[in-house]
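Protein chains: 2
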Amino acid sequence: MTRHLAVVGTTGAVGREICALISERKVPAERISLWASQRSAGQRLAVGGCNSPVGQLCEKSFEGVDYAIFSAGSERSRQFAPLAVRAGATVIDNSSAFRMDPGVPLVIPEINPKDAHTHQGIIANPNCSTIIMNMAVWPLHKVNPVKRIVVSTYQAASGAGAAAMEELRTQTADHLAGRKITPKVFPHPIAFNLFSHDSPVGQTGYNTEEQKMIDETRKIFHEPDLAISTTCIRVPIMRAHSASINLTFEHPILPEQVHDLLKQAPGVEVVDDPASGGFPMPLDATGRDECLVGRIRQDAGQPGGRGIELFVCGDQLRKGAALNAIQILELLTQ
Amino acid sequence: MTRHLAVVGTTGAVGREICALISERKVPAERISLWASQRSAGQRLAVGGCNSPVGQLCEKSFEGVDYAIFSAGSERSRQFAPLAVRAGATVIDNSSAFRMDPGVPLVIPEINPKDAHTHQGIIANPNCSTIIMNMAVWPLHKVNPVKRIVVSTYQAASGAGAAAMEELRTQTADHLAGRKITPKVFPHPIAFNLFSHDSPVGQTGYNTEEQKMIDETRKIFHEPDLAISTTCIRVPIMRAHSASINLTFEHPILPEQVHDLLKQAPGVEVVDDPASGGFPMPLDATGRDECLVGRIRQDAGQPGGRGIELFVCGDQLRKGAALNAIQILELLTQ
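Top line first, the protein sequences correspond to chains A and B. Sequential numbering of the first sequence, starting at 0, is according to numbering that gives the first Met the number 0. Sequential numbering of the second sequence, starting at 0, is according to numbering that gives the first Met the number 0.
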């Protein structure tokens, strides 16, 4: 039982999903306090059976708080998470602020639950694409080590927040009506278009999102040298991310083995019946807790039966963010 | 000079683009005859400065024809292309009917123009994704042999024809208006969704589109053993295909070399300035003859500097189909 749970950034796309999951999963808490920026404070949100007021986040928001889930961006996490820890709270942080900090565990509960218990006040929730990819990769890796991953993503608007989802809607309507398009949230048109993920490109030529998938996977897997090649692309999809994944294993592996391993994996649903059109699709993954995995096949391009190709879809707001954070909370409190 | 050029399937998405290109590129022909199925015959289309009637395709359509460009699907090509050849015409066929026939050259004019001249009446135009990918890969391969390709596509609705493009439009409008969606052309919803390419999945686990990219690339490159791993995905984009490509070379190669090679490559435009948001996007590739290539970077996942990642976009109806066919015609007649 949590005595006092705080949700920071509660009016955003992920924050709202966290509130919905608290109610849905009956997360036990004596008190739930909701915090947002000045702009959103004063609203009321349904959570845990109550219609709770949203307070303005400030230095005193964490008095008496046991657990705080942050989904308000890196800047606010950097500013307020240490204050929450100092006030005695354990922070589960959805931002990228602390993910690569060696003193902060980075946790996907189905993969490295034990890491959660090594925390020193902050536990980081991984990047959404990292989580969704690895829900499919880890169950295989722990049986037959993955030596190389080549992944290309198909990322939904929700990863850029509620305003981005609204931009996809309104801009698409404007495009269909022949009205002029003026991108605001995204730097490029998103209606009937796609573009390289809108995060800065570094010296290596990889953008931040791609680098996160590489660095975070290595940290979560405890495999600092795992070879990973990432391409992150934003597509005009509302809220489920997809990824096309090419794997090289240490030992030969058959598609049937992959099927069996993934069928037993928690949080994964195998959707792989090409004859009847059964494969993972964002619309089917939307609102689902499970990541859908399909198109499992022996890689035609790798000798020795050591290659597998597969495709995964997962709800970016649920398993990609809010659900994983709530699962970390459950891991700590149950 | 072509005395008599016939266009078969002239009212489809590719057929209309062929007519537009004949006018735009001033393809010299004394006579241009347009052919379509019974359903579309009787229309008139602007081509080569005339408003020409569309006749109903029949066994006698090819009397006196020198060159015939077919874009009416595999079944019609199988039935009518041999008749056209028998009547003395050279056929440029956009369908997949003859592509893997050892007696039929499969030609991308920038890559294997000489193959065109070995024809025995039929020259095949490659699959759209095959063309667009290889416009970026070939200029590198001919200097530093590519040993392995891992590619994931982002394919536009136009690849499934004009009706599919219209379905994307109307279904998206219906979705936004909250109306019920009933997929007709595609087997799955395409509005705000994506799915594994809608071609049959074979014994190997690869669908026909993926297998085409493998088989056709090997044939065009004259590299029967080239290792290629393909994942073909349909996305809610109107008419430009994209591909995320991971390459392994025989020798080390630098991103700067790739830049230089692609800048000199005909039919390619390097769009690769991440700092200013410069990378290939379908909306920018639409209506363009060039394939846009960007996100060129050393592959973080391959040792020894032998890996490169890049992203390409090309207009599916132009270079992916109609333009390549017209270029083959120009190759034969100029």
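Just so you know, these hints were derived from the structure itself, not from any lab. Hints are not guaranteed to be accurate.
One copy or two, either will do: identical chains are not told apart, so a pair holds if it fits within one copy or between any two.
[Said to hold, decoys possible] Below, computed lysine-lysine pairings styled on DSBU-like, alpha-carbon distance capped at 35 Å:
#, residue 1, residue 2
1, Lys141, Lys25
2, Lys262, Lys183
3, Lys59, Lys183
4, Lys59, Lys179
5, Lys183, Lys141
6, Lys146, Lys59
7, Lys113, Lys179
8, Lys146, Lys25
9, Lys146, Lys179
10, Lys141, Lys113
11, Lys59, Lys141
12, Lys25, Lys183
13, Lys262, Lys59
14, Lys183, Lys113
15, Lys183, Lys146
16, Lys179, Lys141
Hint check:
no.	hint	verdict
1	Lys141 with Lys25	within (32 Å within a copy, 61 Å between copies)
2	Lys262 with Lys183	between (42 Å within a copy, 32 Å between copies)
3	Lys59 with Lys183	within (34 Å within a copy, 57 Å between copies)
4	Lys59 with Lys179	neither (46 Å within a copy, 49 Å between copies)
5	Lys183 with Lys141	neither (43 Å within a copy, 43 Å between copies)
6	Lys146 with Lys59	neither (47 Å within a copy, 60 Å between copies)
7	Lys113 with Lys179	neither (52 Å within a copy, 46 Å between copies)
8	Lys146 with Lys25	neither (40 Å within a copy, 54 Å between copies)
9	Lys146 with Lys179	neither (48 Å within a copy, 45 Å between copies)
10	Lys141 with Lys113	within (15 Å within a copy, 51 Å between copies)
11	Lys59 with Lys141	neither (44 Å within a copy, 65 Å between copies)
12	Lys25 with Lys183	neither (37 Å within a copy, 41 Å between copies)
13	Lys262 with Lys59	neither (46 Å within a copy, 58 Å between copies)
14	Lys183 with Lys113	neither (42 Å within a copy, 49 Å between copies)
15	Lys183 with Lys146	neither (41 Å within a copy, 42 Å between copies)
16	Lys179 with Lys141	neither (51 Å within a copy, 43 Å between copies)
Hint check: violations occur at hints 4, 5, 6, 7, 8, 9, 11, 12, 13, 14, 15 and 16; the rest are consistent with the structure.
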